[in-house]
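Undergrad: Those protein sequences? They're chains P and A, same order as listed.
Numbered per the working numbering, the first sequence spans residues 1 to 207.
Numbered per the working numbering, the second sequence spans residues 1 to 162.
Calculated directly from the structure, the hints in this document are not laboratory data.
These figures come from a predicted structure and were not determined experimentally.
Be careful, since some hints might not be right.
[Said to hold, decoys possible] Some residues of chain A that are not near chain P, with every Cβ distance over 10 angstroms (derived):
| id | residue |
| --- | --- |
| 1 | Arg-26 |
| 2 | His-29 |
| 3 | Thr-30 |
| 4 | Ala-31 |
| 5 | Pro-34 |
| 6 | Ala-38 |
| 7 | Trp-86 |
| 8 | Ile-93 |
| 9 | Trp-102 |
| 10 | Thr-104 |
| 11 | Thr-116 |
| 12 | Glu-118 |
| 13 | Ala-121 |
| 14 | Val-127 |
[As the list claims (entries may be wrong)] With beta-carbon atoms standing in for the labels, derived distance ranges:
| id | chain 1 | residue 1 | chain 2 | residue 2 | range |
| --- | --- | --- | --- | --- | --- |
| 15 | P | Pro-149 | A | Arg-60 | 31 to 41 angstroms |
| 16 | P | Asp-96 | A | Arg-65 | 11 to 21 angstroms |
| 17 | A | Thr-2 | P | Arg-186 | 32 to 42 angstroms |
By construction, the Cβ of each residue, glycine as well, lies at the ideal position given by its N, Cα and C atoms.
One-letter residues, chain by chain:
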Amino acid sequence: LELVLESQASRALDDAPADERLMQRVRAGEREALSALFHRHQKPLFNFFLRGCGHTEEAEDLAMETLVRVFQRAEQFRGGSFKAWMYRMALNVLRDKARSSRRRPEVTASSVETTWALLEDGREEQRPEAMAMRAALAATVREAVHSLPERERTALVLREYQQLTYDEIAAALGASLPAVKMLIFRARERVRKRLGEEPAGGREVTR
Amino acid sequence: MTCQKYRASIDAELHGELPAAEMEARQSHTAACPDCAAEALREQQLSSLLRGWADAEAPRLLAERALAQCVFEPRAASRELFRWRWRAAGALIAASAAAGLWLTRPSTQSVSGGPTPEEIAQAHRAVSVLRRVGAHVARAEDHSMSALERVIRLTGSKEIAP
Chain P
1 LELVLESQAS RALDDAPADE RLMQRVRAGE REALSALFHR HQKPLFNFFL
51 RGCGHTEEAE DLAMETLVRV FQRAEQFRGG SFKAWMYRMA LNVLRDKARS
101 SRRRPEVTAS SVETTWALLE DGREEQRPEA MAMRAALAAT VREAVHSLPE
151 RERTALVLRE YQQLTYDEIA AALGASLPAV KMLIFRARER VRKRLGEEPA
201 GGREVTR
Chain A
1 MTCQKYRASI DAELHGELPA AEMEARQSHT AACPDCAAEA LREQQLSSLL
51 RGWADAEAPR LLAERALAQC VFEPRAASRE LFRWRWRAAG ALIAASAAAG
101 LWLTRPSTQS VSGGPTPEEI AQAHRAVSVL RRVGAHVARA EDHSMSALER
151 VIRLTGSKEI AP
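Bound-form chain A, shown alone:
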C-alpha cells in the first residue's frame, strides 16, 4: 500500500467503512511508515475536535407539530377502487332505469311479436348514451347490454348489435 492510497482513505477508516481485509494492510503500512501513522493520528484528533461542536437539543414538540400537519388519506389504489365502484353502481342504476322505462312504456309492438324499428333505434340510443358515460364503465356497460339484451329477447328481436 502506498502512502497516497493510505492517506486517501483515513477518513473512511475513521468512520468504520473499510473492509477488514484492507485494515490489515493498513496496519502493516503504519507499522512501517511513521509519517502516515502520525497523519492518521492528526485526522483522528481532528474528528474529535469537530465533535466538540455538540448537538443542540431539538425544539420542544418539533416532531409533534410536524405530525399535526400530516393527514393520512385513503391510499390511491383504495380511492380508485372506491371511485370505480361508485361509477359502476351509477351505470347499473342508469341501465336498470332505462330497462324499467322500456318495459313500462305504452306498447306499440305488433301482435305477431318482435320490436318495431323505432324500439330498436331506442335501444341503440340507450347503449350509446351509456357509452358516452366513459370508457371506465366498460364493465357496467356489459351489464347494461345484458339487461337490454334480455329486454329485447323478451320482445323477440335479434337486432341488438350496435
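Pulled out of the complex, with its shape left as it was, chain P reads as follows:
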C-alpha cells in the first residue's frame, strides 16, 4: 500500500507542473504541446464522461468538445491545477449539452451496464472464469456508483477514478472543501452499503 501511495503522490507531483508547463507552451502557440496535453488527457476525460453518461458516442463527443474548449480558452487558464480547470470545463460541457438538448443526460444503470459490457467484451482475457469474476465485480461497482445522487457521484468519480485532490474537486465543482469532503464521505458510505447488500462476485452473470 505504501508503494502505491508513494507512486500516486510522485505521479501527482510530476503531472501537475507538466500540465501547466504544457499550457504555457500552448499559449505561446506550440501545437506539439497541445497534442501532448490532448493525448495525456483523452482517456481520463473519455472515461469521466463514460462513467457519467454511459453512452460511448456521447462520451466521445463530450470528451472532444472539452479538449477543443481547453484550446479555445487556453488564454483564460491562470495557473493552479490544470486538471481542476479542465474538469470544471468538462462539467460545463456536460451542463451545456443537457441545456441544449433540454434534458439531463440520460444516466441509467442499464445504459452503463450495456456500454461497459460491450467494452469489456472487446478486451483480451486469459481465463473465462477470471473474466466472469471481473465482469461481475465491475457490474456491481458500476451499479453502486450509478445509484448515487449526481453530485455525490461526480465527486466520487473525480476522486477515485480521475485522481483529483480535494482542492481540485472543490475548484472543479465550485464547492467548498468541507462540502467536497462531505460529498465523498456520503458517496463512499452509500457505495459501501450497496456493495454490502450485494457482495462483489455474488451477482449472477447473464452474458
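Once you've looked at the hints, dock chain A against the given chain P.
TA: Then chain A, alone, in the frame of chain P:
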C-alpha cells in the same frame, strides 16, 4: 487523535495526501484502536473494489480529431502590433501625399515669403483630417505634423499650431 478525526481523513490517507507527521499519529492511533484499524481496512477494500471498474480505452484518434479542430492564430499582441504598423504606415502615406500635393500645387504665395491665410487654413484642415483617422495613429500624426511643419517652415510661416 480521536476516532472521529482519524476516520474523517482515512480517504485522504488512502490517496497519499496526509503529511508524514500526521501519519505517525495515525499509526499510533490504529495500534491502540482496533475499530479504527478495521474501518481503515474496509475503506481500503472499498477503494480496491471501486477500481475494479477499470478504464475503457479512448476511441481511436480522439486526440487527433480534437487537434484537427484547433487552429493556432497569431498571438493577440502580435496581431495588435501588426495592425498598428499598418495603420501607422497608412497615416504616413496619407501625410506624404498631402505634403506632396502641397508642394506641387500652383503657388499663390507672395514674393515677400510666408504662406497666405488660405494655405494656413489648408494645413490646419490636413491635420484635422489626419486626427479624424483616430487616436491610435497619434505617432503617425506626429510624423505628419513634422512633415507639415517642414513644409510650412520652407514657406516661412510660424502659424502651424492647430
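Undergrad: What are the numbers of the hints that this structure violates, sorted from low to high?
TA: 17
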